[in-house]
Amino acid sequence: MSSQVHYIDELIVSEIRLKNDRILHELYKLHFPMIRRLVMANSGSEHEAKDIYQDAIIAFYERCQQPDFQLSCKISTYLYAVSRRLWLKRLNEKKWTPMSIHEADVFPDIDTEMVRVDENEANMGRMQLALSQLGEPCNSVLLDFYFNKFTMEEITGKFGYTNTDTAKNQKYKCLQRLKKLFFAK
Amino acid sequence: MDQDIIEMLDQYFRNELSQERRREIDERLKNDASFKGEAERHFAFLQTLENAGRRAALKNSFDLIHQHIPADERKPVVVPSPGFRRFWPAIAVAASVALLSVVTTVLTMQNVSETESKYIDLRRNVEQIQRSQKAQKAILDDIASKKADPIAASYTGTGFMVSGSGYIATSYHVIRDADSVYIQNERFGILKAIVVRTDQVNDVAILKIDDPAFTPSGQLPFVITSAQSDLGAGVFTLGFPREEIVYGEGTISAATGYKQNVTAYQIAVPVNPGNSGGPLVNQTGEVVGMISGIQTEALGAAFAVKSNILLDVINNIPADSLGKSIQLSRYNRLKNHDRTQQVKRLRDYVFMVKVYNQR
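Same order as they appear, the protein sequences are chains A and B. The working numbering applies: residue 1 is where the first sequence begins, and numbers increase by one. The working numbering applies: residue 1 is where the second sequence begins, and numbers increase by one.
Please keep in mind that the hints were generated in silico from the structure rather than gathered at the bench. All residues carry an ideal CB built from backbone N, CA and C; glycine is no exception. Fair warning: there could be bad hints in the mix.
To be verified - A partial selection of chain B residues facing chain A, derived with a Cβ cut-off under 8 Å:
(1) Gln3
(2) Ile5
(3) Met8
(4) Leu46
(5) Arg55
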């Protein structure tokens, strides 16, 4: 039976890699109750459960996108173990003594995984802060170019620049400012 | 780094450079350590930026679907209880199986999820096909101009003779929008027909040949059975999904039709638009049904009206709307023939039904 579960999980990973959003959303809906139980049984709110869970599932999503990623445990195990660690960390930050959270499901390389997750979280936090300080239209110009993969022509049109050279110039200036904000401190 | 280098690295990152330019940069990355360091920092930064954008997008989509998760019953659940621990593997398996069913339905349904109608009538929209066949048609028109087919039909379907005196059964949806109806096959040529009976609910229509060129053909060699067919029974159909008569075979796969409709069979027979109204014939040569439609969400699921329903419609035609009463054939002369012989005899009585309308 366990090999069958594994097969299903691998199918899900390959679908997520193909950017099948419906599978990702179904996966999201499927495992949330498990994490809600975990967080709410350990002095958390439903809202906090949602926060933690979204971070865990995004960590899983980002792992799936890495070409060398190999599923070493069940998806539910991954989500549970990562969420649990994230919640423990939250409780720690709140200076609350964590209650004994049952370590039901863990996978062997959870520690290295958590280093990676924490690093990503910190990085993302800094980037989001920098982006919010950057303001508009720089914020949208950069995300449209580097994330939405718009062409320079599309950006020229969308933001009403006179030509692509002006747009390129603007994009360059915005990027320099963002780098400054990001690397500050 | 100045703007030109950034611009170039951006194009490298987005994979927009020509192979030549790309090789140039690869070369420089290999040989120039300080350039390499700067470039890698830039790429890492862009990756972080891209990830931040994706995170924001993912969180938005999660927030949207989060509303569909039923709220908790708010009772603090003590986790773990020994019971929970004991049953956890089973719960996990059950959940994964549930997700598998989602995976499989998504995989098979993706392409039709936006389709409004789940049930497709199988009449053929000639206009659609014609557009792609315009070139061929120009040549064919030249040949066909000797025959009387001045304007092209709006829709076509299939029909088959149920009585030698000139009655044809077809699907109601084939003739639904008809201003005039013609039937055509190799043996009889083109004949005008009128609609004498329709049964919208069961998707059955009876036509009568109304053409001086038609001479009644006596007893038909096949019968329409009133008996139910068994699951797994081998069946075949003849129809006009294109200008040529086409044979298709398969089996009765369910005793009910679309949405458990008891008046129809589900069949595993390859059918296409134009097959509607074609006879469904069993191994002994008896008509057991009439092709009506396919289901869009299940590949290979087609439906056929049961022959007893067809017989009911024929028998309920009031006597005064008939010139002559319908004489149904009583003796099955196809019984001891092999399939090719049956088809050879039957095809004389299967017609393309051509429907003309002004709309």
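For each hint, the structure was consulted:
| no. | hint | result |
| --- | --- | --- |
| 1 | Gln3 | holds, 5 Å |
| 2 | Ile5 | violated, 10 Å |
| 3 | Met8 | violated, 12 Å |
| 4 | Leu46 | holds, 6 Å |
| 5 | Arg55 | holds, 6 Å |
When each numbered hint is compared with the structure, violations occur for hints 2, 3.
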